[in-house]
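Chains A and B are the protein sequences, given in the same order. Under the numbering used here, think of the first position of the first sequence as 1, with each following residue one higher. Under the numbering used here, think of the first position of the second sequence as 344, with each following residue one higher.
I should point out that these hints are in silico values taken from the structure, not numbers from a laboratory. Here a beta-carbon is modelled for each residue, glycine too, at the ideal position from N, C-alpha and C. Treat the hints with care, since some could be wrong.
Per label pair, the in silico range of CB-to-CB distance [as the list claims (entries may be wrong)]:
| no. | chain 1 | residue 1 | chain 2 | residue 2 | range |
| --- | --- | --- | --- | --- | --- |
| 1 | A | Arg13 | B | Phe680 | 55 to 63 Å |
| 2 | A | Thr43 | B | Asp492 | 35 to 43 Å |
| 3 | B | Val538 | A | Pro140 | 31 to 39 Å |
| 4 | B | Pro355 | A | Pro314 | 58 to 66 Å |
| 5 | A | Leu26 | B | Asn638 | 25 to 33 Å |
| 6 | A | Leu112 | B | Ser604 | 36 to 44 Å |
| 7 | B | Gly642 | A | Val136 | 25 to 33 Å |
| 8 | A | Leu26 | B | Phe559 | 30 to 38 Å |
| 9 | A | Leu235 | B | Phe559 | 25 to 33 Å |
| 10 | B | Ser604 | A | Asn228 | 36 to 44 Å |
| 11 | B | Asn638 | A | Ile218 | 30 to 38 Å |
| 12 | B | Ser604 | A | Lys181 | 29 to 37 Å |
| 13 | B | Gly642 | A | Gln227 | 52 to 60 Å |
| 14 | A | Leu312 | B | Phe375 | 21 to 29 Å |
Listing some non-contacts, in silico: residues in chain B with all C-beta distances to chain A over 12 Å [what the hints assert, rightly or not]:
| no. | residue |
| --- | --- |
| 15 | Leu346 |
| 16 | Ala467 |
| 17 | Arg555 |
| 18 | Tyr566 |
| 19 | Gln637 |
| 20 | Asn638 |
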Amino acid sequence: MSAAPDHRPTFARAGLSDRLAPWLPLLLVPLLMVFGWLAIPSTSSWLTLTVSGLAMGMMIFLMASGLTLVFGLMDVINFGHGAFISLGAFVGVSVLLALASWTAAASLPLNLAALGLALVAAVLVTGTMGWLFERVIVRPVYGAHLKQILVTMGGLIVAEQLILVIWGPAQIFITRPEMLKGAVTFAGAALEKYRLVAVALGLIVFLAMRLVLRHSRIGLIVRAGVQNGEMVQALGYRLRLVFIGTFVAGSALAGLGGVMWGLYDEVITADMGASLMVLVFIVVIIGGLGSVEGCFLGALLVGLVQNYAAFLEPKLAMVSNIALLVAVLMWRPEGMMAVVKSK
Amino acid sequence: MKLLSQDRPGGPLISAILVLLLIGLALAPFLFPGTRALDTAARICVFVVLVASYDLLLGYAGIVSFAHTMFFGFGAYGVALTSEHMGRSFAALGIGTLSGALAAALLALAIGLFSLRVRAIFFAMITLAVASAVAVLVSQMSALTGGEDGLNFQIPRALTAAQKYADFKLFGVTLNGKLLNYYLVFSCATVLFLVLLRIVNSPFGRVLLAIRENEFRAEAIGYRVVWFRTGATVLSAVAAALAGSLYAIWLRYVGPSTVLSFEIMIDILLMVVIGGMGTMYGAVVGAVIFILAQNYLQGLMGLAEGALQGLPLLPQLLDPDRWLLWLGVLFILSVYFFPTGIVGRLRRR
Chain A
1 MSAAPDHRPT FARAGLSDRL APWLPLLLVP LLMVFGWLAI PSTSSWLTLT
51 VSGLAMGMMI FLMASGLTLV FGLMDVINFG HGAFISLGAF VGVSVLLALA
101 SWTAAASLPL NLAALGLALV AAVLVTGTMG WLFERVIVRP VYGAHLKQIL
151 VTMGGLIVAE QLILVIWGPA QIFITRPEML KGAVTFAGAA LEKYRLVAVA
201 LGLIVFLAMR LVLRHSRIGL IVRAGVQNGE MVQALGYRLR LVFIGTFVAG
251 SALAGLGGVM WGLYDEVITA DMGASLMVLV FIVVIIGGLG SVEGCFLGAL
301 LVGLVQNYAA FLEPKLAMVS NIALLVAVLM WRPEGMMAVV KSK
Chain B
344 MKLLSQDRPG GPLISAILVL LLIGLALAPF LFPGTRALDT AARICVFVVL
394 VASYDLLLGY AGIVSFAHTM FFGFGAYGVA LTSEHMGRSF AALGIGTLSG
444 ALAAALLALA IGLFSLRVRA IFFAMITLAV ASAVAVLVSQ MSALTGGEDG
494 LNFQIPRALT AAQKYADFKL FGVTLNGKLL NYYLVFSCAT VLFLVLLRIV
544 NSPFGRVLLA IRENEFRAEA IGYRVVWFRT GATVLSAVAA ALAGSLYAIW
594 LRYVGPSTVL SFEIMIDILL MVVIGGMGTM YGAVVGAVIF ILAQNYLQGL
644 MGLAEGALQG LPLLPQLLDP DRWLLWLGVL FILSVYFFPT GIVGRLRRR
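Just need the whole structure built from these sequences, with the hints factored in.
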């Protein structure tokens, strides 16, 4: 019998570039800001654009986060997600219009209370609708992507038309609450107050979401479910319930985003959700389907690129996002922070 | 049978329906006099090709695209732009058609290679994004494309009603350029449909079916899934662009709402699903039913709305403008319960 060949396995520490690779996407946002600063001649307009880009990104993040988690958990791609955005906007704006005396008053607490109530109403209604949507539309087509895409698209059409039936075909104009109008001047740049509110709200939601996902039991189950659903089920967790919960939460967040966007644009239409879905899809693709952090970064990138491009070359604003998508997918075909599925 | 690529409609009832439809379309100017009827017939011919090309993608390759109207629009704008800049001539029509189809093929190749290489599901989202970007671009570049108003252009006189070919009337129909134009559309549509039927019944089409049924296995057998899917995308894009050119030649007008809008994309989806995915003949049945319904049913809905005035909510639900609502419901129900559509149903008998 011959001796085993000489073999001394060693653990080599991964090289610097390998260890840095997962964090590279984090650099993209500051990098893009620096690029914007170099490309845009005046610093004050750069600051204005950056803040509005971040605000836009935060709102898109609100809408996109639910979609990406739902996909990660159950492999369900919901093309009807836009319906929640529109519905949220309509419910929220109706509440704001009903509370016109609160929003017109020049008192910040009253204004914020009206906005808060509108957000709560939108969240409740879209959450309920998300639950219904999951039950009626999505449940029968688990595991079949083709049918999912078709059926959820059908759901989007029906929901949009129902909004038109209820609220009528005219677009609704809405003004922001009194104290959120106008801008504050900072370092020579005009920063709209409402955009600052949007940035703050987006950050709060993102941090809360991260907290839940990273530091709670349910978050652990969700993250585990995204990586390997079967194993989580085998361990005795009813992933279906978790999934329904995620779906409802995701729909509610989309509704929240819808209200914020409606106030940002100051006009709402039934098809606003469907047109926003274009940006939402770009965000979830470049972020990596299933990854909340990737979605957040993607949303910020999309918001910034859109605003910079709209300033530098207005006609290219829409195309710029496609270019961003192409660039990111060339670099990382699965998205910036792809979720590693153990299959 | 050679003409049908050995792919029979299957079942006597569906064959009878298809033959009737073919005769109806072939003799449409004589059977259904009037401009509106002829317009409807031409629209049906164009949409049969458009829907069949979409079926190649959805029903055979099993991938969902939302950019089909974009390719349709490429063909239409190709013809419109060349006719505008080169003057009215058959050369302009030909060059416009070819360049539109070429542009569609190139873009389809790029999108396909780019998005199908990772996940087929990306394709649906990316096509949606690209299509809406192109729609925005077209409406913004108004100097070139006419923006929201679109472009009116002139086609050769030989294809317009101004050109008379005979002094007498044949079965009460004037033999003019308009009639010739209709038969141009009809014959091109027939040829394109037969070509598409040939494609899905070719070895290439079989591989597409294999990929649809089991992607992993097809790859394991040795077929490059990406290339086959991209190939299907390119072919269907070219067919859609050609249909777009036909439509532009017929209408002598292109505009975002007639050839590019997302509503048309939804119409196509509905036609494919109602007619039957993965059957090709479903495209014919679906397009005919849908377009007839669109033209004539909305009037009925208006009547019903008027009759129900005073009742709560019902009039709003039956408003002709809300007809998409009912189509959406129908669409969801048919995906659930009749995924093979009318043709699939009739075939099984």
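Each hint tested on the structure:
no.	hint	result
1	A/Arg13 <-> B/Phe680: 55 to 63 Å	holds (59 Å)
2	A/Thr43 <-> B/Asp492: 35 to 43 Å	holds (40 Å)
3	B/Val538 <-> A/Pro140: 31 to 39 Å	holds (36 Å)
4	B/Pro355 <-> A/Pro314: 58 to 66 Å	holds (60 Å)
5	A/Leu26 <-> B/Asn638: 25 to 33 Å	violated (56 Å)
6	A/Leu112 <-> B/Ser604: 36 to 44 Å	holds (40 Å)
7	B/Gly642 <-> A/Val136: 25 to 33 Å	holds (31 Å)
8	A/Leu26 <-> B/Phe559: 30 to 38 Å	holds (34 Å)
9	A/Leu235 <-> B/Phe559: 25 to 33 Å	holds (27 Å)
10	B/Ser604 <-> A/Asn228: 36 to 44 Å	holds (42 Å)
11	B/Asn638 <-> A/Ile218: 30 to 38 Å	violated (53 Å)
12	B/Ser604 <-> A/Lys181: 29 to 37 Å	holds (35 Å)
13	B/Gly642 <-> A/Gln227: 52 to 60 Å	holds (55 Å)
14	A/Leu312 <-> B/Phe375: 21 to 29 Å	violated (55 Å)
15	Leu346	holds (30 Å)
16	Ala467	violated (5 Å)
17	Arg555	violated (9 Å)
18	Tyr566	holds (19 Å)
19	Gln637	holds (15 Å)
20	Asn638	holds (20 Å)
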